[in-house]
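Single-letter residue listing:
Protein chains: 2
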Amino acid sequence: MKPNPTAPRLRRIAGLLSGILLLTRAVAAEDPLPSWNETESKRAIVGFVENVTTAASPDFVAEPERIAVFDNDGTLWAEQPAYFQLLFMADRVKALASQHADWNKREPFASLLRGDMQAVNAAGDKALMEMMAATHAGLTTDEFQRAVVDWISTARHPASGRPYTEMVYQPMLELLAYFRANGFKTFIVSGGGIEFMRPWVERVYGIPPDQVVGSTGKLKFDMRAGAPVLRKLPEIELVNDGEGKPVGIQTHIGRRPIAAFGNSDGDLEMLQWVTFGIRHRFGLIVHHDDEARECL
Amino acid sequence: MKPNPTAPRLRRIAGLLSGILLLTRAVAAEDPLPSWNETESKRAIVGFVENVTTAASPDFVAEPERIAVFDNDGTLWAEQPAYFQLLFMADRVKALASQHADWNKREPFASLLRGDMQAVNAAGDKALMEMMAATHAGLTTDEFQRAVVDWISTARHPASGRPYTEMVYQPMLELLAYFRANGFKTFIVSGGGIEFMRPWVERVYGIPPDQVVGSTGKLKFDMRAGAPVLRKLPEIELVNDGEGKPVGIQTHIGRRPIAAFGNSDGDLEMLQWVTFGIRHRFGLIVHHDDEARECL
Chain A
-19 MKPNPTAPRL
-9 RRIAGLLSGI
1 LLLTRAVAAE
11 DPLPSWNETE
21 SKRAIVGFVE
31 NVTTAASPDF
41 VAEPERIAVF
51 DNDGTLWAEQ
61 PAYFQLLFMA
71 DRVKALASQH
81 ADWNKREPFA
91 SLLRGDMQAV
101 NAAGDKALME
111 MMAATHAGLT
121 TDEFQRAVVD
131 WISTARHPAS
141 GRPYTEMVYQ
151 PMLELLAYFR
161 ANGFKTFIVS
171 GGGIEFMRPW
181 VERVYGIPPD
191 QVVGSTGKLK
201 FDMRAGAPVL
211 RKLPEIELVN
221 DGEGKPVGIQ
231 THIGRRPIAA
241 FGNSDGDLEM
251 LQWVTFGIRH
261 RFGLIVHHDD
271 EARECL
Chain B
-19 MKPNPTAPRL
-9 RRIAGLLSGI
1 LLLTRAVAAE
11 DPLPSWNETE
21 SKRAIVGFVE
31 NVTTAASPDF
41 VAEPERIAVF
51 DNDGTLWAEQ
61 PAYFQLLFMA
71 DRVKALASQH
81 ADWNKREPFA
91 SLLRGDMQAV
101 NAAGDKALME
111 MMAATHAGLT
121 TDEFQRAVVD
131 WISTARHPAS
141 GRPYTEMVYQ
151 PMLELLAYFR
161 ANGFKTFIVS
171 GGGIEFMRPW
181 VERVYGIPPD
191 QVVGSTGKLK
201 FDMRAGAPVL
211 RKLPEIELVN
221 DGEGKPVGIQ
231 THIGRRPIAA
241 FGNSDGDLEM
251 LQWVTFGIRH
261 RFGLIVHHDD
271 EARECL
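So the protein sequences, as listed, match chains A and B. For the first sequence, counting from 1, position 23 maps to 3 in the numbering used here; every step adds exactly one. For the second sequence, counting from 1, position 87 maps to 67 in the numbering used here; every step adds exactly one.
Isolated chain A, as found in the complex:
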């Protein structure tokens, strides 16, 4: 057999190619945000994190100061066809309707019981607060937590048929993990009720209850049959939305975050509060562009 003089060169090229392939695979395997498109936003996030975590960088931030805050509705999980907490409240109204004969004739309960969610939405915040007071107040915090756990583990999204805890955005789960892997403490800062989120966010987002900032109602300590309880009162303590978000951040976290992620007008003041200043800071308006999820 005649020796092939090009074989060693081909082998070298093949070796080189497989080396490049291996390298590409290694880089792909190391990409902490594999679900993100290769956009300017992704590059900016990674650049920010590398900048504040590199000891030699002039923008280096010590670990205790690495706080990142995330809006929930429309940022970490979906918010269509309505805020999921509103759907929870609607189910509570339906469950309690038999004990409240007047609700069939009283708005916004009547619209809700007819299934007219548009009319419920149109009734505005005051009507929502009234429904929340009627369905939540008087419960102890333990009872309310059980109601949330029961609902979140059985209710299904009307369009997808999936549990609400699966209606979360994979790219954002990767972002939470990426920040934590880089020494950040991650917090939720949501207009949603603090007690509505806490029972499930640790399992779904890896965020413990004390790192959840949300709207709060007043509580009252009481002894009931010899046992200490906390009862929910029908009064709002903090509406953690808009101008309320920096207030919630200061009250719960007590340190200015260096990164914030939101998706709506209600996140404006939070983004101002976090991004203003001389140190390296990061703010992002999230616009989920996956139509299959967004148009539900």
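For the record, the hints were derived by calculation from the structure and aren't laboratory data. Keep in mind it's a predicted model, so treat the numbers as computed, not measured. One should not assume that every hint holds.
Since the list can't tell identical chains apart, any single copy or any two copies may satisfy a pair.
Said to hold, decoys possible - Below are the DSS-like pairs computed for lysine-lysine, each with C-alpha atoms no more than 30 Å apart in a straight line:
no., residue 1, residue 2
1, Lys198, Lys85
2, Lys200, Lys106
3, Lys106, Lys198
4, Lys74, Lys198
5, Lys74, Lys106
6, Lys200, Lys22
7, Lys74, Lys200
8, Lys85, Lys106
9, Lys85, Lys74
10, Lys22, Lys85
11, Lys198, Lys22
12, Lys22, Lys74
13, Lys106, Lys22
Dock chain B against the given chain A, drawing on the hints supplied.
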């Protein structure tokens, strides 16, 4: 020379003794609470921690549920001759007196400016709130933080002449470290102002600002010269004392602690809230018995 037949035995005994000595030293070095007297309280604490952290124990508690809460005044640091925050406020009143000519004739300011702290104490909570409003309100949270940092780094305890941050109890610092070394998240739950504690507790106790629960005033988001600020309003949001402590715990932590340490009536409801229930829980009323420190 005549051989000494007892020498090998003596050497063995000496070896045994030095072995025992080494063992004793090793145990002493491993004692996580060296400043604690060998009392029933210490044994109960160590027994509790070992019980809830041993995987095979029926009382095992998973790490995310290991929350321990500590009162501050009189528990972690001293509270004589008056709550240190009151002394801070007194210094603020003195510093601002030149801008408030009427304070010389108006109580409780007049008593305070005369140095009559007994009369100030006797004036009660309403007078204290009035002073707090007069000296703290209107400041932004950043300005207030600077005022606290300035004071805590320069003011000296009237009896000991030491900085207030050194008026802390060594046994309690060991207790905080011991709980954290066993997977506990440690929180302060104090009647003191949340914004008064946060600027220094991380350095002194190793507790970050978001793990501080305290009395809170209302805040308002504002833009000042193009910069976002949070202004302190002269309204109380939560008096985190007595019945307020379980409320503060639920609002900030959102999970029932399994261990609590306090020293006074104001800690009763917190201890009830924490120790009631079927799981293994721990509550301790601290009585610092070191006269040299307690009688300051």
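request  = Provide an ascending list of the numbers of those earlier hints which the structure does not satisfy.
outcome  = 6, 10, 11, 12, 13
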